[in-house]
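Given these sequences and hints, build the entire structure.
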Amino acid sequence: MASPVTSGDARETALLELKKVTKLFGARIAVNAVSLALRPGEVFGLLGPNGAGKTTLLRMALDLLRPDSGQVLLMGQAPRPQVLERVGYLPEERGLPARTRVLTLLTYLGELKGLPRARSQEQARSLLKALDLEVRERAKVGELSKGNQQKVQLAAALMGDPQILLVDEPFSGLDPLNRSLAVELLTQRAAQGKAVLISTHQLQHVEQLCQRLLLLNRGRAVLEGEVDDVRRTYADGSILVSGAGDFASLPGVERSTRQGNGNQSLRLFPRPGVTSEAILRQALEQRLSLVSFSPYKPTLEEIFVRAVEQSSA
Amino acid sequence: MRKIAAVARYEFLGAVTRLGYLLTLVGLPAFLACLIAVTSLVSVRSARESFSRKRIIGIVDESGIFASTARSVELEAPRTMKIPGGDEQLARRIELKPFASLDQAQAALQRSEVASVVRIPPDYLSAGSIQEYVGVRRELDLTSGQISVASLLRPWLVRGLLEGKVDPEIATRAAEPARVERLVLDAQGSAAPADLIREIRPLVVPIGFGMLLVLCVFTSASYLATGLAEEKHNRALELLLTSLSPAQLFWGKLLGLWTAALLQFILYLLAVVLPAGFAFAALGLNIEQALVGGCYFVLGFFFFGAVLLTVGAIGNTQRYTQQLSAVFTLTGVAPMMVVTPLLAQPRGVLARTLTYIPFTAPLTGLLRFGADALPWWEFAVSLLVLTISAGLVIWICARIFRVALLASGTTPSLGQLWRWLRTG
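Keeping their order, the protein sequence lines are chains A and B.
Count along the first sequence from 1, then add 523; that gives the number in this note's numbering.
Count along the second sequence from 1, then add 1; that gives the number in this note's numbering.
Derived DEER-like restraints, expressed as beta-carbon distance ranges:
#: 1; chain 1: B; residue 1: A272; chain 2: A; residue 2: F548; range: 51 to 57 Å
#: 2; chain 1: B; residue 1: M2; chain 2: A; residue 2: T536; range: 29 to 35 Å
#: 3; chain 1: B; residue 1: I389; chain 2: A; residue 2: S835; range: 53 to 59 Å
#: 4; chain 1: A; residue 1: F548; chain 2: B; residue 2: L14; range: 33 to 39 Å
#: 5; chain 1: A; residue 1: Q600; chain 2: B; residue 2: A31; range: 54 to 60 Å
#: 6; chain 1: B; residue 1: T40; chain 2: A; residue 2: D698; range: 57 to 63 Å
#: 7; chain 1: B; residue 1: A272; chain 2: A; residue 2: A621; range: 27 to 33 Å
Every beta carbon over 12 Å from chain B, so not counted as near; a handful from chain A, in silico:
#: 8; residue: K543
#: 9; residue: A556
#: 10; residue: E565
#: 11; residue: K652
#: 12; residue: E657
#: 13; residue: G670
#: 14; residue: T756
#: 15; residue: G768
#: 16; residue: S834
#: 17; residue: S835
No lab work stands behind these hints: they were computed from the structure.
Quick reminder that beta carbons are idealized off the backbone N, C-alpha and C, glycines included.
This is the structure in structure tokens:
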């Protein structure tokens, strides 16, 4: 029986659950008592600097590595080949045989996921079409561009229509157009009730796609929760304004910095004890022309840097 | 089973569509056939040309013993040559041409009027020495008709020495004392003239089987190692192992490449060995030989396949894997390196020992079987050894595989391998 995890008011069954898993390589602790629960229909971000233990965590989830302590549950069961059939994996390093033709390879991988040959070929064609690769189905993997190889790798992870998708840097090497194709495919899967775990350094995708995140540093979980909650937690009370006038000289403002592309926005840091409402009032009193006024939410990149620095200190 | 079959089919198709496999399968026999055809044609042509020319040897008899040197004589051809594929028998024509002096003979040699000059010195009778002069640049003739002057002249010298002193019949017999006819007595007590083909016939099929096995191991089985190393290196294995167990992957790979090797084996058998067998008036392939050869092929390939699979699993670079694979595959042909002592004593300690070592068992067993020196119980034991060894190697491979595939960058030490084996 799968363990329930609490998400707000809902109690949902976790498709993937890691319970205090620890992995040692010799004397080095690669992953230290990390827990994680991946729910149906959610896109989860696994973040961390290089060497934080993200890939080790994924490998434990896939039973490629066995944890030294802790437990891994896939759909409520210990990882076994029959259960793993329902997990799709996209490794960070491209790992497809260069000499094999695209359709042949995807059909083969689908068969390994338990699909009958004809069904597997049909699904491979459908995925290639969705990824705008149908004209390259007869090409050998090694003949494709880096971006197209990444798309084939993504298609390989999606073969067998897995319930759980573990994708390591899925957007690596993709141009914006193909990136949006990949994003669409992943969000579609989540909308169908599948769970998607994205391990990435490209934090803008986590902001765009993920509902929850886990930040690892030196094998430990240093930050976890809903993306919005995390951003709120790391908010420092500063205000983002755009418009015409000297906002920096308002009496309640201690200092300011330019923000955004083209510096069209200004980030205002209120003096201690001054609220954002007070700043707004001052701006209106001075008849400054306001286009927008909102509390500043730090980007995940800022949060990432701060959290890693704090945990390393 | 369905997954093993899927892996096997994928590996089989991957192997048989490789350029290297196709080149070995078609190119090698074609190359060998062309080479044999061209060299045979050139040899026959060269032999015909060589035999069509008369070989003239200049004789300078300073001893005065050989009265017949007053005139040119044609020697009886000491050796003939049969042209393959026909009844034509070529005989070398040799003429002895007398010269009055060594200077004249040497001048003729310089003008290439004679092939060589033989000087019989005045003290020949007491010293027994003669000299042969040849030109600095001579035509290289490797045909069987090219034999030494000493052999050519012996009957002529003997006749010359005895001429007029003994009965001509005795002189002839002294010149050529005996033509030995070799007869082989078989188990039924009937004697038949010795025949080289007949003598080597029992060995040809086993050696052929053995060489085919080695060739298949060298090609198809080595794909196991290099293919696995490549998949390990580019992390494709991680993707595969999320869908099937290491054991399923191993058996699938092994079966796929074994099928590719079997196809190669059968095609070689059909394209090369059987026609050659018929051409050489049936090499005597019987059901027993086919059975023994087949057993050793099947189990030998599984054993070597498993070994090379393990090599691929622990190897971290293609180069390392290829080097290590070559070492193991060479052990398979080791019996050929000791074939002389092995066949001299096919029931000896060396032969028996090599029969029970899994690396050398297939070829040794086949050679001993050909020499009619492999009892059935020894055959059965060697097959058992091969089976157990293959199973053991596959078990070891599957055990270390899970850890080995993630250990990239360095080549594992023996201690590390032992740890992997213990921890699985």
